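S.K.: Okay, here's what each chain looks like letter by letter:
Number of protein chains: 2
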Amino acid sequence: MAKNKNEEFVTQIASRTENFPQWYTDVIRKTEMVDYSGVPGCMVIRPYGYRVWELMQQQLDARFKETGHENAYFPLFIPESLLKKEAEHVEGFAPEAAWVTMGGEEVLQERLAVRPTSETIICSMYSKWVESYKDLPLLMNQWCNVVRWEKSTRPFLRTSEFLWQEGHTAHETAEEAQKETMQQLNTYRDFMENVLAIPVICGRKSEKEKFAGAYATFTLEAMMQDGKALQMGTSHNLGDHFAKAYDIQYQSKEGKLEYCYTTSWGVSTRMIGGMIMVHGDDRGLVMPPRVAPIQVIVLPIAAHKPGVLEKAAELRDQLKLAGFRAQMDDSDHSPGWKFNQWEMKGVPVRLEVGPRDIENNQVVAVRRDTLEKLVIPMDSLAERLTALLDEIHVSMFNKALAIRESKTVDAETYEELKQGVQNGFVRANWCGCTDCELEIKAETGATTRCMPLEGSEIEEGAVCVHCGKPAKTRIYFAKAY
Amino acid sequence: MAKNKNEEFVTQIASRTENFPQWYTDVIRKTEMVDYSGVPGCMVIRPYGYRVWELMQQQLDARFKETGHENAYFPLFIPESLLKKEAEHVEGFAPEAAWVTMGGEEVLQERLAVRPTSETIICSMYSKWVESYKDLPLLMNQWCNVVRWEKSTRPFLRTSEFLWQEGHTAHETAEEAQKETMQQLNTYRDFMENVLAIPVICGRKSEKEKFAGAYATFTLEAMMQDGKALQMGTSHNLGDHFAKAYDIQYQSKEGKLEYCYTTSWGVSTRMIGGMIMVHGDDRGLVMPPRVAPIQVIVLPIAAHKPGVLEKAAELRDQLKLAGFRAQMDDSDHSPGWKFNQWEMKGVPVRLEVGPRDIENNQVVAVRRDTLEKLVIPMDSLAERLTALLDEIHVSMFNKALAIRESKTVDAETYEELKQGVQNGFVRANWCGCTDCELEIKAETGATTRCMPLEGSEIEEGAVCVHCGKPAKTRIYFAKAY
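Read top to bottom, the protein sequences are chains A and B.
Note that numbering that gives the first Met the number 0 has the first sequence beginning at 0, numbered continuously upward.
Note that numbering that gives the first Met the number 0 has the second sequence beginning at 0, numbered continuously upward.
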């Protein structure tokens with residue numbers, strides 16, 4: 000009976016290896032992470048998905064505040080004239096803006112874009128707030144929704160509306176702006192590796208792939224299990240482009256009027272999609288312990304036997320008190336159903352408590368990532384669980400890293416590149432020309448992902464993998480979400 | 000010098016008694032709580048204002064979760080056809096909706112309202128999620144931005160875009176929905192009184208003043224220092240109105256298909272405006288300690304003297320470690336300037352540390368609410384501060400309550416009502432007719448605020464204060480924001 004239920008359950012999810020996109024859709028819906036709404040391109044984030052976002056927010060927000068950033072809130076609407084002040088920026092974002100043209104019954108004199116990102120409105124305020132070098136640096140962040148009108152959408156990965164944070168800072172010098180850009184990139188890297196258990200390649204985007212209006216864009220790229228890349232976050236050095244367009248000037252110590260240098264950086268609910276596609280398996284989600292809404296699920300076994308339910312509840316309460324996100328499932332489903340349910344939900348550790356365990360003063364722990372069983376004495380449960388969750392984190396990170404490494408190749412020839420991007424990431428020499436980039440994309444479906452911070456140097460005489468002209472850099476190519 | 004600075008500073012704020020609206024505007028801008036944006040009707044919440052919102056959010060969110068509510072996120076956009084399904088609701092909200100009519104270059108087939116509130120979209124999802132009584136109750140909340148197109152705006156109090164939370168629940172029975180409505184009303188009351196130090200009158204709205212589409216709306220009304228009312232929050236029993244319009248049905252234990260009963264409840268950044276107008280004085284803000292971004296400001300006095308700066312920094316660090324939101328101001332402004340600055344910012348306690356204090360192993364504490372000075376031995380500082388902040392909270396609450404009581408009258412005659420609403424709240428008997436309500440509003444500018452949960456009973460033979468017909472209830476009248 001339990002066996003049948005098991006099987007029935009697992010077959011509800013498409014095979015990860017046979018149909019990765021369908022597997023993704025099955026997993027996010029069946030685990031109640033997300034649902035489709037009747038609104039074009041917009042998703043509903045259900046409590047089990049939103050809780051992950053809250054845990055991400057808490058841990059990122061603490062990191063931002065530690066480095067002196069403060070949260071603020073800027074308007075949702077951006078007048079068209081304001082959007083237009085930075086030429087490259089408007090070119091990048093206007094085509095995908097949602098436009099408010101009516102307020103109540105009234106046609107607006109100027110249409111308003113629903114913010115696709117907030118450089119324009121924030122820089123226009125910074126222009127009011129910055130007068131002297133004493134006002135600098137300005138270090139702000141906002142948590143909000145943004146809208147980019149998308150034709151083809153997929154929950155978490157690409158939707159018309161999504162949730163994110165966007166940091167915006169203004170500095171005295173170009174050097175300080177670059178330092179901030181890299182500091183925030185490193186904050187993201189730390190978060191992705193040490194919280195989400197996702198290895199990322201940090202590097203600089205090509206001119207074509209950089210943020211509209213930026214001087215330089217730095218990115219964090221992760222490999223999904225199907226070998227495709229997902230851009231997990233970006234940190235932009237905006238140079239003085241926006242300061243000049245929005246007139247952010249300050250009086251220097253020497254009494255001269257100077258333009259500021261600004262940065263912006265953001266990560267979004269897209270990371271949730273990345274987390275699912277990096278760690279999930281054929282049984283469903285595998286949640287990294289540090290953002291798992293439930294870290295430990297306690298299952299009473301033979302719950303009708305005297306004392307079992309009480310002991311399980313007692314354990315759950317102890318674990319909650321000790322700071323674990325713990326729950327008990329005392330529903331009247333079969334154990335087999337419950338095993339499947341909580342495996343599908345990706346809960347890192349399942350604790351089974353039955354009459355024999357109680358007799359032996361122990362519990363049986365099952366790791367979600369490896370399905371390995373461990374017997375843990377009750378007296379050292381909290382201590383062992385802390386270590387176990389850390390161990391699961393490390394093991395998940397290493398597994399993801401191993402997959403990435405196994406699917407990354409160095410291509411000497413264009414043929415090798417074409418083959419490599421069918422399977423994963425390709426490192427190759429590149430001439431730096433947008434034309435080459437576009438041709439490679441047209442021919443292979445792969446885009447440049449980044450010039451890695453470590454390892455983008457080329458050897459003397461190196462030539463572009465595509466055109467054969469002298470190479471300028473080593474760069475990653477991959478198909479991407 | 001310090002004296003002059005003092006005076007210069009205080010005169011930057013209009014007198015609270017002579018021009019309350021100007022005082023409000025001066026205070027919120029000069030303290031950098033908020034700024035006007037170039038976007039029609041939209042405000043920028045600056046870090047000092049946003050921090051208050053974050054502290055409010057944390058404390059409310061914990062209360063919601065304790066009572067089993069989970070956070071989720073629903074789309075910003077609501078298709079017009081969806082908005083129209085509940086007749087009263089669309090009538091109430093469509094006239095003030097902002098409409099998105101274009102996505103990118105494309106004119107949309109159906110225009111989308113930027114959510115003014117989310118009953119419609121959330122109920123349409125509940126209709127998919129609820130099948131059986133086992134799925135009930137559904138207890139969700141979302142923190143988000145909403146837009147109501149306003150002609151005349153004032154930061155925090157009424158803006159086209161604002162931030163809020165909206166709880167939405169679905170239940171098996173009318174009784175459970177009513178119980179939830181009152182539970183959330185009481186959660187808000189507890190928060191407003193015990194966190195914001197604002198006394199509120201809880202009661203039911205008249206038919207005219209209730210939420211568009213609700214069965215009954217319950218409200219929390221606070222008195223501002225100018226005697227006007229501010230609706231601080233509402234909790235709606237929506238009956239089966241939305242369940243019928245959006246088809247939220249469940250199979251009961253008996254196997255019958257039944258409609259759910261739903262509720263919704265919300266509070267917004269408007270509460271920040273209320274907090275300012277209830278507690279502020281001619282020197283600026285007076286922050287209630289439990290949401291003050293800075294609870295204690297440490298000022299080194301004669302900071303050039305050896306050991307002073309170090310001791311002040313040490314105290315600040317100790318206080319932070321002990322869990323206080325503490326900062327030190329070691330800028331090179333004069334002490335007088337600093338006193339004014341931090342008084343204007345409403346920091347509950349100022350600690351002065353000078354050479355003589357250090358010698359005597361003490362600090363001088365100055366309460367913001369009363370400006371009273373206290374000498375506190377350094378060794379018992381944390382302990383005394385905890386008690387002092389609690390004392391300030393209680394004292395602020397009592398002061399606000401005393402003001403409200405002194406400005407509330409019982410009117411036997413219409414003449415008394417007319418006089419009373421010039422100054423504050425009026426309790427009077429009312430026939431329950433909307434016509435009477437409308438006439439009173441036209442003649443006096445006052446609206447019905449609520450039928451209080453306690454004290455709305457009438458004596459036998461009581462007549463309406465306006466029309467003289469038999470009265471149905473006692474009700475509060477006031478001018479309102």
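Please keep in mind that the hints were generated in silico from the structure rather than gathered at the bench.
Treat the hints with care, as some may be off.
Remember, identical chains collapse to one label, so a pair may be satisfied in a single copy or spanning two.
[Stated by the list, open to error] In silico DSS-like links for lysine-lysine, alpha-carbon gap of 25 Å or less: (1) K310 with K84; (2) K150 with K227; (3) K127 with K29; (4) K406 with K252; (5) K471 with K207; (6) K29 with K133; (7) K127 with K252; (8) K227 with K478.
Remember, it's a predicted structure, so these values are computed and weren't measured experimentally.
S.K.: Now look at each hint and say whether the structure bears it out.
M.R.: Evaluation of the provided hints:
no., hint, verdict
1, K310 with K84, "neither (65 Å within a copy, 50 Å between copies)"
2, K150 with K227, "within (20 Å within a copy, 49 Å between copies)"
3, K127 with K29, "between (49 Å within a copy, 14 Å between copies)"
4, K406 with K252, "neither (53 Å within a copy, 54 Å between copies)"
5, K471 with K207, "within (15 Å within a copy, 72 Å between copies)"
6, K29 with K133, "between (53 Å within a copy, 18 Å between copies)"
7, K127 with K252, "within (19 Å within a copy, 62 Å between copies)"
8, K227 with K478, "within (5 Å within a copy, 61 Å between copies)"
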